[in-house]
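K.L.:
All chains should be modelled from the sequences, with the hints used to inform the complete structure.
Residue numbers (this note's numbering), protein chains in the order written: chain A, 1 to 341; chain B, 342 to 458.
These are calculated hints, taken from the structure and not from any lab test. Treat each hint with caution, since some may be false.
As the list claims (entries may be wrong) - In silico negatives: residues of chain A with every beta carbon more than 12 Å from chain B: (1) Val70; (2) Thr75; (3) Val238.
Unchecked claim - Computed spacing ranges between beta-carbons, pair by pair: (4) A/Arg246 <-> B/Leu450: 35 to 45 Å; (5) B/Ala458 <-> A/Ala176: 23 to 33 Å; (6) B/His392 <-> A/Ala165: 33 to 43 Å; (7) A/Thr268 <-> B/Pro353: 39 to 49 Å; (8) A/Ala316 <-> B/Ala451: 30 to 40 Å; (9) B/Ala451 <-> A/Thr268: 39 to 49 Å.
Note that beta-carbon positions come from the ideal geometry of N, C-alpha and C, so glycine has one too.
What follows is the residue order along each chain.
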Amino acid sequence: MTTGRPHQATPATVAHRGVSTLLGLVVPLGILATSTLVASSWRDDLPAQVAIHWGSDGPDGFSSLTTLLVICAATTVPVVVALWALAVWKGQARPARQLSAGLSVGLTTFVAGITVGTLAPQRGLTDGADVGEVGGAMALALVVALALGLGAAALTPRSTPTPEADEPRGDAPRIALTDAERAVWVRRTSSSTGILVLGVATALVTVAVVVGNSWWMLVVPAALVLLIVAMFSWVVTVDSTGLTVRSTLGLPRRHLPIAEVVDATVDTVSPMRDFGGYGWRISPDGRTGVVIRAGETLEVRSTGDRRFVVTVDDAATAAALLNSLADRARSGPGPTPAPGT
Amino acid sequence: MLFRIDPTASEPLFAQLARQVRLGVARGDLAVGERLPSARDLAASLDLNVHTVLRAYQELRDEGLVDLRRGRGAVVTAQAGADFAALRSAVADLAAESRALHLSPETTLALLKEALA
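P.N.:
Structural data, given as structure tokens:
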């Protein structure tokens, strides 16, 4: 019985720290600083108490400009710093860095957008309660934030792919494939509870929008529907090119080339406990993955100390096939494995 | 679901695929209403001609095992899901009886082949 050399668990240096700092710290804080400065420059034009919250009958919450700006900063800066820390210390995998950059840029753009968008119409007023409808500005801020967040994620550079030289370790599961055989494992995985919960939420928000007559808010249920479809229904494929996990929408998509696969195993996860939620997640220990239910999980370690998980049924077959195909990729076709291995 | 093909075997490739889908349905690995991978994706993963996969899917459609729908691909039909529970139970009984009598798998299979001939 041959065994591969056990993979040395040396923590790999996180790549692209400079870009992560630029996209995940400098740009988001710059956006926030800009909107704060712009808002501050309007101080003399604005009412002493600016409207900061709108109900169905117009503005119903007020505060001083300073309080508003401080709250905005106090709620966003810690999040941005935490996400930056994640990217720089635990961001071996590109999705982790993408999440960090995308969320930070998106969040600060949104906050900046609604700050400027709700204060601009209040310039020249003496009473904040006189300001009109700001829904359009908020919808615009949301759309721009989404676009810039996705842009930051797209700009995140790939981890430098280093090929793995060794076969997966000997005790990882395998499938006996003859030299001539070709194989693929495909499975759809979806969370009907997740879809149901978000579906109900979407329906409720839609009702609220229609009843409350704020049509611009239809952006929210529309975004929720897209999110449901994208995040809760996936196709997982293991073949000679490696592991591919893609949403049934086509994107998001993650492909792990066979050359970078270290090994594949089966594990169990609990989404709330291990990943803090459902969907495409990062865990505090740097694992990224598609986690849409508790239980049986395919875990793949790849070069650069990256670990990727997918909650999917029949993960054992997927892991075994991936290891066997990785064997084949490393050494080329060798002698046919003895029956029963 | 695992799909494997052996180009060196005498059985034609499309037949190998069709056989595996039938087995998958009989075993319960493929549920009623489940969508098979698109012909293009399966062909790409197995390095096959798309028409090879399509031929397998068409054969399965002709048997009533799958529905081929535009935009949805091959979907396992309700009819395909019928009655396999009884068959699986019979297989389990056969295996248990065979083990109890200490029959070798080869002997059991020979008996089964005779019964199916």
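K.L.:
Evaluate each hint against the coordinates.
P.N.:
To see whether the hints hold, each was checked on the structure:
{"no.": "1", "hint": "Val70", "result": "holds, 53 Å"}
{"no.": "2", "hint": "Thr75", "result": "holds, 44 Å"}
{"no.": "3", "hint": "Val238", "result": "violated, 9 Å"}
{"no.": "4", "hint": "A/Arg246 <-> B/Leu450: 35 to 45 Å", "result": "holds, 41 Å"}
{"no.": "5", "hint": "B/Ala458 <-> A/Ala176: 23 to 33 Å", "result": "holds, 30 Å"}
{"no.": "6", "hint": "B/His392 <-> A/Ala165: 33 to 43 Å", "result": "holds, 38 Å"}
{"no.": "7", "hint": "A/Thr268 <-> B/Pro353: 39 to 49 Å", "result": "holds, 41 Å"}
{"no.": "8", "hint": "A/Ala316 <-> B/Ala451: 30 to 40 Å", "result": "holds, 32 Å"}
{"no.": "9", "hint": "B/Ala451 <-> A/Thr268: 39 to 49 Å", "result": "holds, 42 Å"}
The structure does not agree with numbered hint 3 stated previously, though it agrees with all others.
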